[in-house]
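Trainee: The primary structure of each chain is shown beneath.
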Amino acid sequence: MDYSQFLAMKQEIGLLVVFLLVFLYDTFMPRSTQKGLPAFASIAMLLLTVAGCLGCCLCSCSDVVAFGGMYETSPVISAIKNILNIGVVIVLIQSIKWANGEFMTMRRGEFYELLLVTLFGMYLMISARHFLVFVIGLESASLPLAAMVAFDKNRYESHEAAVKYILTAVFSSAIFMMGLSFVYALAGSLYFENIYGALFVSSTSTMLVIAIAFVIAGIGFKLSLVPFHLWTADVYQGAPTSVTSYLSVISKGATAFAFLVVMAQVFGSLYAQVWEWMLYALIILTITVGNLFAIRQRNMKRFLAFSSISQAGYIMLGVIAYNTLGMAAMMFYILVYIFSNLGAFGVIGAIENASGKVSMDDYRGLYKTNPRLAFTMMLAMFSLAGIPPFAGFFSKFFIFTGALQGASVAIYVLVLIALINTIVSLYYYLLVVKAMFISDDECVIAPFRSSCSERLGMWIALFGIMFLGLLSPVYDSLIDLSSLSSIGMYFIR
Amino acid sequence: MSATIPVLILAIPLFMFIFLGLAGKKMSHLLAGILGTLGMGTVLVLAYYTAFHYFFSGDPAFISEAGERLQYIVFNQTWLQFTDRLVISLGFFLDPISAMMLVVITTISFMVHLYSLGYMRDHHGVFEKGFQRFYAFLSLFSFSMLGLVVATNIFQMYIFWELVGASSYLLIGFYYTKNSAVSASKKAFIVTRFADLGFLIGILVLSFYTGTFDFTSLTSVPVEGMANVYHVDLSTPNAVLGVFQSSAAPMFMGASVLTWALVLIFMGGMGKSAMMPLHIWLPDAMEGPTPVSALIHAATMVVAGVYLVARLFPLYLMEETSLVIVTVVGAITAFYAAMVACAQIDIKRVLAFSTISQIAFMMVSLGVARPEFHEGLGYMASMFHLFTHAMFKALLFLGAGALIHAIGSNDYTAMHGLRKYMPVTHWTFLIGCLAIAGIIPFSGFFSKDEILSACGNYSPLVYVWMSMVAGLTAFYMFRLYYLIFWWKEHKIPEGHHAPHDQAWTMSLPLIILALISCVAGFIPFGKFVSWNGEPYDFMAHFDWGVASISLLVAVLAIILATVMYRKENSLPEKFKNALPALWDWCHHRFYWDELYMFITHKIIFNGICRPLAWFDRHIIDGTMDSFAILTNKASELIRPLQSGQVQMYVWIYIIGALLLGGVTVLCLI
Amino acid sequence: MEIKAIYYLIPSLIMFCCGLYGFLTRRNMIAMLISLELMLNAVDMNFVIFNRFLFPEQLEGMMFTLFAIAIAAAETAVAIAIIINVYRSVNQVDVRTLNQMKF
Amino acid sequence: MFTNILIYFVVIPLVMLGLLALCRDVKQIRAVAVVGSLGLIGLSVYVLLEYLGIRAAGNEDPMLFVDSWSWFAPLNIHLAVGVDGISIAMLLLSSIIVFAGSFASWTIAQPKEFFLWLILLSTGVFGFFISIDLFTMFMFYEVALIPMYLLIGVWGSGNKNYSAMKLTLMLMGGSAFLMLGLIGIYYHSAPEGAPLTWNLLEIVDNAAISHGWQSFLFPMTFVGFGVLGAMFPFHTWSPDGHASAPTAVSMLHAGVLMKLGGYGCFRVAIYTMPQAAHELSWIFLILTGISVVYGAFCACVKTDLKYINAYSSVSHCGLVLFAILMLNETAMTGAIMQMLSHGLMTALFFALIGMIYGRTHTREITQMGGMMQILPYLSVCYVIAGMASLGLPGLSGFVAEMTIFVGSFKAGMADYLAGDGSLRLVFTIIACCSIVITAVYILRVVGKLLFGPVYDNHHRSLTDATWWERLSTATLIVCVACIGCFPNFFNNLINFTFKPAIFSVLGIN
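Chains as they are written, first to last, in our numbering: chain C, 1 to 493; chain H, 494 to 1162; chain P, 1163 to 1265; chain L, 1266 to 1774.
To be clear, the hints were calculated from the coordinates, so they are not data collected in a lab. Virtual Cβ for every residue (Gly too), placed ideally from N, Cα, C. A few of these clues could be false.
To be verified - Partial chain C-side listing against chain L, Cβ under 10 Å, derived:
| # | residue |
| --- | --- |
| 1 | Ala-385 |
| 2 | Ile-387 |
| 3 | Leu-404 |
| 4 | Ala-418 |
Said to hold, decoys possible - Mimicking EDC-like on lysine to aspartate or glutamate, the simulated pairs with C-alpha atoms at most 20 Å apart in a straight line are:
| # | chain 1 | residue 1 | chain 2 | residue 2 |
| --- | --- | --- | --- | --- |
| 5 | H | Lys-984 | H | Glu-1061 |
| 6 | H | Lys-1060 | H | Asp-904 |
| 7 | H | Lys-519 | L | Asp-1729 |
| 8 | H | Lys-984 | H | Asp-994 |
| 9 | C | Lys-97 | C | Asp-63 |
| 10 | C | Lys-368 | L | Glu-1378 |
| 11 | H | Lys-1020 | H | Glu-865 |
| 12 | C | Lys-153 | C | Glu-352 |
| 13 | P | Lys-1264 | C | Asp-361 |
| 14 | P | Lys-1264 | C | Glu-157 |
| 15 | H | Lys-622 | L | Asp-1729 |
| 16 | H | Lys-519 | H | Glu-621 |
| 17 | L | Lys-1377 | C | Asp-440 |
| 18 | H | Lys-1020 | H | Glu-561 |
| 19 | C | Lys-368 | C | Glu-442 |
| 20 | C | Lys-368 | L | Asp-1290 |
| 21 | C | Lys-357 | C | Glu-157 |
| 22 | H | Lys-671 | L | Asp-1721 |
| 23 | H | Lys-1020 | H | Asp-1036 |
| 24 | H | Lys-518 | L | Asp-1729 |
| 25 | C | Lys-35 | C | Asp-152 |
| 26 | P | Lys-1264 | H | Glu-1129 |
Next comes chain C alone, as it looks inside the complex (with noise of 0.2 Å):
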């Protein structure tokens, strides 16, 4: 075979190579040095991250196929990629501070490896172009994710949070790959463009459908999509800080991709017939449902996975639109994204690791006590409810405008709905806000200096939080690599 096709397969390599690293100097540096593994780590991410967006950016790469059809990479999924290794470099050094804590030292390296192995696993679910290899990657991006998810052993959440997470995941696999098996006994194959090929409108049968439909829940149950989302509160409230945002920007935004590559690439004939409104009604219950439980919730990052839940279906908006617009509306969507919800995370990160608060009726008058995560945190939720200038307004203005390109009246009606559901997300959004800022009583946070690692990761937050929007190249590039990429030609209502 020609080995030179490894070649395609530049971003994974280089991932490899950072994992090895990693590897290496947990198991062979001596023990006085292993402080400075996540340092490390953070600075080689970076690197990766750094010659990922400098390839993209330079060598204008086409599509290329590579292992027999088995995988793809184009522009537009190393862009992908990229967005996703800045979110894990912003995860990375915002770790730093509870990686070096002290009941850590025995599996800092662990924490590390698996991270990168389900980035990896990630990886493959956006590249794959056989369901094989999209199985493997969306298994193993899931289950070292239970191992992150149990990690500190002596909180009990941390282990209720895994066994949710490991038995429900399980379950969803099976039920995906028995979707999987549908789809193989009708198409004969599992390469993409085989199935794609052999499926049309007029060979809809029930049989078909069910597939879609367990599909749909596989993949969903990563997204976090209603009536498959039910996990998701748990988890992120019984993971830890870093684990929680990892999972709720990284896996989310990859998986949201992955999902949009299959149903484009796989399912994209029967988009009008069967999918469309599949996803019609998985979007109106999830920005609904997300948005009422979020109401409820005091404790922060409960909050935070009910917010990112509705999110997850605006996400989705860019996957119904079904066009190119909405494709690079949903890659600066999940960007942006990213950059919020970790600039939320960091506050919440520093505050626990800093006092072990995790409630918002802990966060009262925070603005009199540390005024600058008060500041950051206010700022990520403006962005999160879509108040310009913030970055969060244009992305979810781009992502309205990407559904509504030649849309139907039920689209229209579908971006209304979205529209009311804004009002109530800034609802509890604010509510975090008027905590922090409004409420006269007296913080139980005292004051204190967070490390520079968490100001370094807060920072960068904000930075794009501020920025993202406001400079145009941005979405300009994203829609640039989303038109000429190959996955537009799918995109035939």
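Using the hints, position chains H, P and L against chain C.
Mentor: Just chains H, P and L now, kept in the frame of chain C:
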């Protein structure tokens, strides 16, 4: 003529208002008063100059070869342009009546300025609080009133109409610490505001059809005969007559739009001139300082309504109906007010109602004026009566002011038999009474006689009715006179020194006005003012029959009053007990105020406002809140989904997946 | 008589449903894991059957099955580990007691 | 980019924000606020003069100083600016009120944060008025909305949490509809094949929005802006919001922000979708007509000063939308003048109320009386404001209302004579009635609050206005009087330049 003087006439009072208003607090009371008076004096001179120039210069701009007086626009400045045709401009309009009004206003205003120097301080010569403010407001009022009478277009008139309303509001409420004064001022403003609503809509209708506000376009005087009594100068794109006769102008509820417009405009006049049923504010307005009552609520502002109708008289001529309405309203009001005036204790109230009644006279005489009777005698008569009435009513009010200032009370019960103590006041007041009662040779006689003969020409019914009112007038005035100055000896409460005539600043105006009231009757008014500008000698139409009858009525009434009230006796009591109901109704002004109270408070306030406010808070706002509440309820409702049980989660998962597939299948197949 | 695919499919379906039922009803987490295994194996069977009966000319299904088995093994391993952790901390493996985090 | 004068309307506030962030003590903060707002006033006056100069030179373009910089090329989103008489009038208004407002909040607590939010808010306002690109317009619109939450929440009084949340959510609800409407407009902004655009002028030129879509998008946009314009069923945020807001915020919100609604309704909804405006105007006519009298009636029974003014704002702003919907030049001119006049006088009102409240610590007119003896300056100002609001000639209110009535009566009669029903006519008459009701509640307040005997003897010790309060109120009074005395200047400014718009609107009837 140059625009300088007219501009000054308007500018000086305005400047005085701003100057005294801003700097008044810094300067001494006396200085402020003197400045105000001097300013008004200058205006007086200028106004007289202008008026005489208009009447006597013989300038072809003012009087044609045929000798008919012309309308002359001294200047006209665009103020606000709605469309290229519909323009509000501020200007200075000279014609017989505006010139006459200039004289009246400035005279009375100057007298009042002078008078107030004495009136607005207590017996020890200490000026009242807010003295400067008082003069500032007086100047403001003079400015607005002058602007009103010289309006070149109906909208300018409306503007100043509102301004006089406001300044009267401020002056009535001058003693703003007294709740009664505050509520009186509020009442005055709101009632007139309500009337102005009609005025405004009338203007809108009129301007919509004619496409102009200008008086010259709306009312240009006829050249000969009735044929083209009404023609708009051709500068106006569509001549008014044409418009209103064309089919474009629909009938509305049985009357032509022009009638509606005129009636609505007249409604504004009713408000300002306190015609029934919008008269209720005027008696309360007596809460203001007496000089104010003399200036605003006797002489000038209240006749604005009459002036308005006179101004638009040619338009009214086009619609018989509107004139009839004017007549009826006037006649009823005149009688009503006279009746009420017979049963008031408060001398200012008596004068107030007599004012209403007299203004009603003017209205009636406008209403009955027709070109075919003595070249519209009624028009001239009402203007004449306006003039004379301004003089003697101001005189009466100022006299009453002097009395009140001396006694410290408004009720004649506290006065009685003051003739020895206050001779000047006594005599001048008597002259005023004679004038208003219409005794030859005092001014009232002539003007009222003109009115009566005009009525006679129009219909005997109106004539009889109005003569009866004239008799009543004489009766209640002399009742008042006797109760103040005779009836019984004045008893001086111990600790007080005897009442006496006031300072020259107060007496001088009385004397001057008394003189005017004596001689004003002999002014050949027809020479100056007539409905179409053609001067004529009204003595030619002087109807001695009518005159003698009215004189007789007046004398009889006076005799009756003398019998009843000259010496203290029980006749009035008997009278009252004979007809208790009549007395009560008259004394309580036929319970109009109570009716209004009921409508405003019970119906509008409690019946509309409160329910609306409740509706807003509970229904509208409640709906908005209920959205929030519903959202909360919903989230409460779906809470059990997140039960924390893994198997529950999986149940929901699998059911969701199956539903997703199943429903789609059902839809497809 | 020759054997039709249906003869194999029905057992696999039964297996899947049993797994599902067990997963939804059993309280012991180990038992739940076993039920999961049943479900996954049913899936594997499906693949094999479809490959063998519908598309015998290539071995995609078989290959997928091999990987799926491996994945299932991995999943079990991780799950067991976690369950043991839980057991360490709460001394029992009843899934219904794990509901501290809810609503 | 910085060669265009208009951009400085956004630049100056941004610079102010930067400086405020650096400020150390309250003196510096005040200095920044005053200098900055003075700069804004100067700028808007300069633009006004420039503008008049260019117009006098016979330039007939619908907009001047037009400039456009590409922002998001793929969606054809530009940062497009341009002004006509209306926008300039609004800019003037905003800068004046910002100026007065910064004096009215001279001694506010936490000045730094307060002014930061205030200036951010005004950034949004100015940006909204200068931009003619729907996207940027909407962005600035929302920028202007959000600071309200914190301004009310932190510095407010009374039931502030509830009010702030309610206000924010309701306005955001409006902007939800608005966003849908705007995107819809974008997708139908150009004929088949031509590039879509967000630019107002191009949209109007293309006039490509199909009839069906207009009748769907017009209500969306009109309601969206109407919520901020306090249109009848959606007005309930305003009483609570104003009641709890701090002085300067009430001023800015009632004075400027509510104008965003009217301006947007005219500039976006009617300007781009005239047909639908013609067919659907009756619905909104009824709503706005109701809010005119409704607000006035409600104001008659309220006893809290701020509630009274909030309801009178509902009434007056209702008049604005009402006049806009008359779709006739005079009425629209009147609407814009009403925006100016209401902005100024209501700002004056709220300033005075704030100052009185700051002294007496109550806003219940039943708890006060005879203020004229205690606080003569403030009381006189209050009387003037009241007179302006009940439409006394010589003050701004009269001019605006008369223009509106003349215009809308014309429209109404035209309909009536053409047999198109008498709805407009009837509602014009009803609206006219509001001048009486206004008089009622204004005089009620004046009589109760300022006149009469002193209610509470503790109030006798109060001190009259300080110099900054005098400055703040005097500025507004002078402006009110200017509009009232020289209306034709503003009339021409608005009216003349707004002919092109009018023609495009009335072109189709």
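Trainee: Compare the structure with each hint and give your call.
Mentor: Tested hints:
Taking 10 Å as the C-beta cut-off, the interface hint given for Ala-385/C holds, the closest approach to chain L being about 9 Å. Look at Ile-387/C: its Cβ gets to within about 5 Å of chain L, closer than 10 Å, so that hint holds up. Of the supplied interface hints, the one on Leu-404/C holds, with its beta-carbon coming within about 5 Å of a beta-carbon of chain L, less than 10 Å. Here the hint on Ala-418/C is kept, as its CB sits about 9 Å from the closest CB of chain L, short of 10 Å.
Proximity of Lys-984/H to Glu-1061/H is assessed by CA-CA distance (about 14 Å); at most 20 Å being required, the pair is judged to hold. In summary, the hint linking Lys-1060/H to Asp-904/H is supported, as the alpha carbons are separated by about 18 Å, within the 20 Å threshold. With a CA separation close to 17 Å, the supplied pair Lys-519/H and Asp-1729/L stays within the 20 Å bound. A C-alpha spacing of about 17 Å is found between Lys-984/H and Asp-994/H, which places the hinted pair at or below 20 Å, so the restraint holds.
A threshold of 20 Å between alpha carbons decides the hint, and for Lys-97/C with Asp-63/C the separation of about 40 Å lies outside it, so the pair is violated. At roughly 12 Å between alpha-carbon atoms, Lys-368/C and Glu-1378/L fall within 20 Å of each other, so this suggested pair holds. Between the alpha carbons of Lys-1020/H and Glu-865/H the distance comes to roughly 18 Å, so the proposed pair stays at or under 20 Å and holds. Taken as a hint, the Lys-153/C and Glu-352/C pair is honoured in the structure, with Cα atoms around 17 Å apart against an allowance of 20 Å.
Using a Cα cut-off of 20 Å, the hinted pair Lys-1264/P and Asp-361/C holds, with the two alpha carbons roughly 18 Å apart. Proximity of Lys-1264/P to Glu-157/C is assessed by CA-CA distance (about 11 Å); at most 20 Å being required, the pair is judged to hold. Straight-line distance between C-alpha atoms of Lys-622/H and Asp-1729/L comes to about 18 Å, which keeps the hinted pair within the 20 Å bound. A threshold of 20 Å between alpha carbons decides the hint, and for Lys-519/H with Glu-621/H the separation of about 16 Å falls inside it, so the pair holds.
With a C-alpha separation of about 18 Å, the suggested pairing of Lys-1377/L with Asp-440/C holds against the 20 Å cut-off. Distance hint between Lys-1020/H and Glu-561/H is fulfilled; the C-alpha atoms sit about 10 Å from each other, no more than 20 Å. This hinted pair checks out: Lys-368/C and Glu-442/C have alpha carbons roughly 8 Å apart, not beyond 20 Å. Distance restraint check for Lys-368/C and Asp-1290/L: the Cα-Cα separation of roughly 18 Å lies within the 20 Å cut-off, and the hinted pair is therefore satisfied.
Distance hint between Lys-357/C and Glu-157/C is fulfilled; the C-alpha atoms sit about 15 Å from each other, no more than 20 Å. Pair hint Lys-671/H plus Asp-1721/L holds up; C-alpha atoms about 16 Å apart against a cutoff of 20 Å. For the hint linking Lys-1020/H to Asp-1036/H, the alpha-carbon distance of about 18 Å falls within 20 Å, and the restraint holds. With a CA separation close to 15 Å, the supplied pair Lys-518/H and Asp-1729/L stays within the 20 Å bound.
For a cut-off of 20 Å, the pair hint linking Lys-35/C to Asp-152/C stands: about 18 Å separates their Cα positions. A distance of roughly 13 Å separates the Cα atoms of Lys-1264/P and Glu-1129/H; the hinted pair therefore holds under the 20 Å criterion.
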